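Here the protein sequences come in this chain order: A and B. Count along the first sequence starting at 1, add 35, and that's the number in the working numbering. Count along the second sequence starting at 1, add 2, and that's the number in the working numbering.
It should be emphasised that the hints constitute simulated quantities derived from the structure, not laboratory data. Among the hints, a few may not be true.
[To be verified] If you want the footprint, here are the derived chain B segments under chain A, 3+ residues with CB under 8 Å:
1) 64-77
2) 100-106
3) 125-137
Please read all numbers here as calculations on a predicted model, not as lab measurements. For glycine and all other residues, C-beta sits at the position ideal for the given N, C-alpha and C.
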Amino acid sequence: MIKTLAAQIKEFKRASVLTPVFMILEVVFEMLIPLMMASIIDDGVEAGNMRHIYYVGAFMVGAALCGLLCGIMGGKFGARASTGFARNLRQAMFENIQTFSFSNLDKFSTAGLVTRLTTDVSNIQMAYQMLLRICFRAPISMICAMSMAYMINARLATVYLVALVLLACILFLIIRRAMKYFQMAFPKYDELNASVQENVSAIRVVKAYVREDYETSKLRKASQAIYDIFIKAEKNVVLNMPVMQFTVYTCILLISWMGAKMIVQSELTTGELMSLMTYCMNILMSLMMVAMIFVMMSMSIASARRISEVLNEKSDLTNPVNPIHEVPSGDIEFRDVNFSYYNDENNAVLHDINLKIRAGETVGILGGTGSSKTSLVNLISRLYDVTTGAVYVGGHDVREYDMDSLRNQVSVVLQKNVLFSGTILENLRWGNADATEEECRRVCRLACADEFVEKMPKGYHTYIEQGGTNVSGGQKQRLCIARALLKKPKVLILDDSTSAVDTATDAKIRRAFAEEIPDTTKLIIAQRVSSIEHADHIIVMEEGRIDGYGTHEELLLSNEIYREVYESQTGGSGDFDEKEGDA
Amino acid sequence: MPGPMRGRMPGQKRIENPGRIFKRLMKYVMKSYGPHLVIVAVLILVSVLANVQGTMFIQSLIDDYIQPLLTADVADYHPLAIAILRVAGFYAIGVAAAYLYNRIMINVTQGVLRNLRNDLFSHMETLPIKYFDTHSHGDIMSVYTNDTDTIRQLVSQSMPQVFNSAITIVSVFISMVILSVPLTVVTLVMVAVMLVVTAKTAGISGRYFLQQQRDIGKVNGFIEEMMEGQKVVKVFCHEEENIEKFRELNDNLYHSADRANYLVNIVGPVNMQLGNVSYVVCAIVGGALALSGISGLSLGSLASFLTFNKSFNGPINQVSQQLNSIVMAMAGAERIFKMMDEEPETDNGYVTLVHVREENGRLVESAERTGRWAWRHEHQADHSVDYVELKGDVVFDGVDFGYNDEKIVLHDVELFATPGQKIAFVGSTGAGKTTITNLINRFYDIQDGKIRYDGINVNKIRKADLRRSLGIVLQDTHLFTGTVMDNIRYGKLDATDEEVIAAAKLANADGFIRHLSEGYDTVLTGDGANLSQGQRQLLAIARAAIADPPVLILDEATSSIDTRTERIVQDGMDKLMKGRTTFVIAHRLSTVRNSDCIMVLEQGRIIERGTHDQLIEEQGKYYQLYTGNAIAT
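Given these sequences and hints, build the entire structure.
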């Protein structure tokens with residue numbers, strides 16, 4: 036995990052090394068100051084030597100300036116290394132996600148990927164900066180102060196060493212206990228927020244059922260639970276402070292007592308005693324810092340793990356060694372295909388599919404929710420690989436094609452489709468970056484999108500907001516179809532892509548397809564019988580199997596499911612109005 | 003040190019009247035934890051004084067104890083031992099005080115957070131639907147997360163820290179003045195320099211932080227959009243373009259983050275080294291003074307002063323670091339109070355829903371469930387009480403409605419639904435179908451006209467009772483975290499397991515529930531993310547069924563259920579609708595065809611009404627929709 040992340044430091048290795056170097060140098064200069072301080076008091080003030088005071092004072096100011104320089108450089112490189120590291124992590128994750136296949140994507144939720152790219156990366160950035168700047172500084176500062184103390188007086192310094200070890204042990208115990216409770220507390224905290232979120236989005240249900248008081252008492256219970264567990268955790272943390280103070284005070288008093296005796300016996304000077312007091316604070320504060328970093332780091336481990344999960348995820352679809360780049364025709368064949376999302380035959384969603392579709396045919400696919408219509412068509416453009424059997428397009432197994440070429444020539448309009456922020460033209464050109472405006476207009480005409488686009492004040496230059504919120508569901512679907520047409524595909528797959536388009540327009544689009552792109556194989560998944568009844572063939576899917584295959588008339592006679600669906604929708608269209616998911 | 007990416011930055015928008023907000027916040031904290039805070043203040047004072055006392059001791063250590071020992075013939079350590087014991091005693095009190103105040107502050111902090119969450123939530127539950135329409139869910143959530151978090155920072159860290167620092171600064175300042183006035187002046191000058199430098203750097207870094215915030219916004223926006231559309235990206239082989247675009251945004255963020263962090267990083271070292279310079283300057287000036295003997299500064303006093311010098315710079319540094327989080331907390335508190343100040347849903351209803359039984363042809367109020375309900379109407383004029391049996395008679399009389407006063411979306415709606423009727427609404431998106439149903443249960447209040455329920459103006463009915471009498475299955479299904487059983491029981495909290503299962507069977511949900519891993523005890527999370535849209539709708543229908551309301555509103559309740567399954571559900575629905583007034587919104591013909599009355603809406607007006615056969619005969623809009631000859635718009 037650490038290795039995966041560390042590999043992304045790349046060009047920021049130099050800054051990552053320089054940061055601790057400067058931080059250590061800063062400590063060294065800082066450590067010299069109390070030493071010079073002692074010299075000022077002992078050799079300057081006591082000896083009545085004003086020149087010595089100026090002399091050492093000048094050195095001290097020099098040391099302070101050098102320390103400042105090092106501090107600034109440390110800050111500079113620290114910022115560079117950590118923000119650069121964060122940039123590389125984001126970039127590497129983003130690039131790896133771009134190689135993900137559909138099944139890789141199914142494994143991570145959209146929200147999960149977003150969290151990894153945003154919150155988790157900034158956690159790591161903070162932890163990394165902390166690591167570089169303080170993690171080296173604090174122990175070095177401790178060691179330096181300790182050696183200085185030993186140089187001044189070994190016996191007194193031993194008091195510090197004992198105190199240091201004792202304090203370290205106690206802190207460790209406290210933190211370990213506290214961490215245990217914090218680890219219990221954070222999921223609870225997330226739960227609380229999730230339940231508030233749930234209430235915000237389901238407020239109509241809450242109000243419709245008059246459950247305001249019920250929900251409030253539920254939340255009160257949850258927030259009391261959080262109160263209790265955080266108190267338990269913080270109760271431990273809060274011990275740090277008094278334990279620390281106690282140790283510092285004990286050291287000061289011990290040093291005062293022993294130091295006084297030693298001064299009397301001329302084994303120590305007053306200046307040296309003062310320096311020792313300063314080092315005392317230095318040593319023990321550094322220890323506190325180390326403890327704090329330890330806590331921070333262990334909290335960012337979860338983020339590190341989530342990031343490395345993405346970085347280590349390998350796409351499970353690979354291009355063949357000598358790929359075919361040209362799809363010769365729109366013929367499609369399924370041979371003994373079984374498919375499972377988990378690559379497990381016992382868990383298959385498609386069973387024994389055998390199917391032949393000739394180029395230029397229009398094929399309708401009908402079936403209930405969960406009958407695997409989408410799974411079937413997703414195999415054609417190799418969005419998933421079959422578990423057993425094979426899918427052929429244009430006479431070749433889809434696994435023999437270059438994936439980009441295959442997907443450019445087998446165009447899918449997904450069920451859950453999105454437009455991106457940008458103008459309508461920019462969105463259309465996702466299908467073909469070099470398309471002229473004229474070509475864009477043509478495909479919009481085919482998809483019956485021209486009528487509303489041209490009514491917009493800015494026409495094809497209208498800006499689509501993120502998520503396509505400024506066009507209706509039906510308009511969005513028509514634009515998505517136009518975008519897919521711009522690829523001039525050999526095979527066009529519409530996965531329930533006209534559900535929000537009214538029946539008349541739906542019919543117009545189908546007519547345009549038949550007239551304008553007769554050579555393209557068209558697969559249409561639909562809920563409405565009217566969308567597919569005129570197709571050359573209709574496939575009826577039921578629980579992952581082909582239940583019926585034939586023309587509308589044939590199926591009406593032979594297929595019970597088809598007849599049932601047809602009868603429930605007869606009398607024209609099944610739908611009255613534009614259905615809109617987010618209306 | 004402010005984190006590099008801690009959400010909103012202060013200064014993006016000016017806080018109006020921070021003093022008033024601060025006062026209100028303090029009042030809020032004091033309300034529950036006033037005595038605690040008084041004790042904490044005393045304890046902080048004790049702890050600081052103990053610390054100062056220790057520093058003073060170091061002065062006396064050299065002057066009063068070591069110097070005499072050096073000159074004495076026989077070293078007598080007795081006075082020193084007593085002094086050390088005395089100081090140890092003070093220290094012990096100091097440590098105890100420090101522990102106690104920290105311990106009390108935990109309760110204060112966590113308690114304030116708990117109270118804030120509870121108060122926010124219970125207030126939020128009373129807010130009208132309009133509030134949720136006009137505020138993004140992300141913004142509401144961030145009040146609970148980011149904004150309360152800033153309060154946590156303030157209460158747990160800034161408040162004690164600032165108080166502690168203030169006492170330290172004052173006491174150290176007094177001690178310094180006592181020790182040496184000239185050196186105090188020197189120290190103050192250096193402090194002034196430090197403050198100026200900090201303020202300058204903070205000003206510059208603030209600008210970069212704003213830039214960084216903007217860049218983060220762009221990067222996060224791009225990430226969200228692309229992750230959402232990742233499958234489309236794949237289908238269009240758009241990966242390379244995406245990577246390039248991302249690299250550009252990511253690099254911009256890197257540059258602004260680098261600079262912002264750099265400036266924040268150097269504030270610490272700059273202040274520390276200025277502190278060191280201050281230390282040196284004091285040593286030189288003090289040394290000179292001590293040697294010349296002008297001001298009567300002793301060696302011990304100089305040593306003490308230098309310790310004070312260091313402990314003076316420390317708290318000033320800390321206070322300036324807390325400033326940032328105080329400003330953030332004020333911005334957070336402003337948003338929290340804004341939400342708490344939102345007007346709750348108005349409810350002047352006084353007609354309530356009660357159980358009744360019939361005695362001698364008259365309705366009599368009953369304490370236990372009788373299966374019959376009545377509106378208890380206490381007349382305001384003479385306090386006489388009427389009981390009107392709940393039947394489900396709904397009348398709209400010239401209703402106008404708009405989400406705001408400028409834009410009326412429903413015009414002069416007339417509607418009569420007699421008990422047991424099935425009324426259907428059809429029409430294109432945005433015609434106002436859902437809006438009408440939202441008026442019956444008073445999610446929104448009408449601008450003009452009257453809605454009567456069993457002859458009573460709905461404005462007179464207490465909202466809770468009104469809504470209890472209406473069962474609604476909404477267009478967007480929402481489920482709650484909990485078991486399937488809990489979710490269905492949401493409709494009737496005291497329902498037995500058998501009642502729940504019966505409701506599930508009625509909605510035809512029993513079959514799929516039994517196939518779930520834990521059956522009825524399967525825990526649903528994330529709004530039932532592990533269920534299909536159709537399954538979620540079936541649960542929502544079961545939830546409405548168990549509530550057993552006299553009036554049902556089904557808003558596209560079966561839109562995601564395929565037509566075959568719907569036919570099976572339909573049987574259950576028909577059973578459910580029997581004897582109830584039902585309002586149905588649907589785009590499927592099969593769902594509305596057998597309605598007693600079908601209303602065709604267009605642009606907020608009812609343009610046609612009648613039974614299926616009547617409307618077909620009319621050959622109007624309904625006929626067009628029905629036969630699929632609608633003109634595309």
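Hint-by-hint comparison with the structure:
1. Proximity of the segment 64-77 of chain B to chain A, defined as three or more residues with a beta carbon under 8 Å from a beta carbon of that chain, is established by the 6 residues found.
2. For the segment 100-106 of chain B, the stated coverage by chain A is satisfied: 4 residues place a CB nearer than 8 Å to a CB of that chain, which reaches the threshold of 3.
3. For a cut-off of 8 Å, the count of residues in the segment 125-137 of chain B with a CB near a CB of chain A stands at 5, and the three-residue condition holds.
Hint compliance for this structure: every hint is met.
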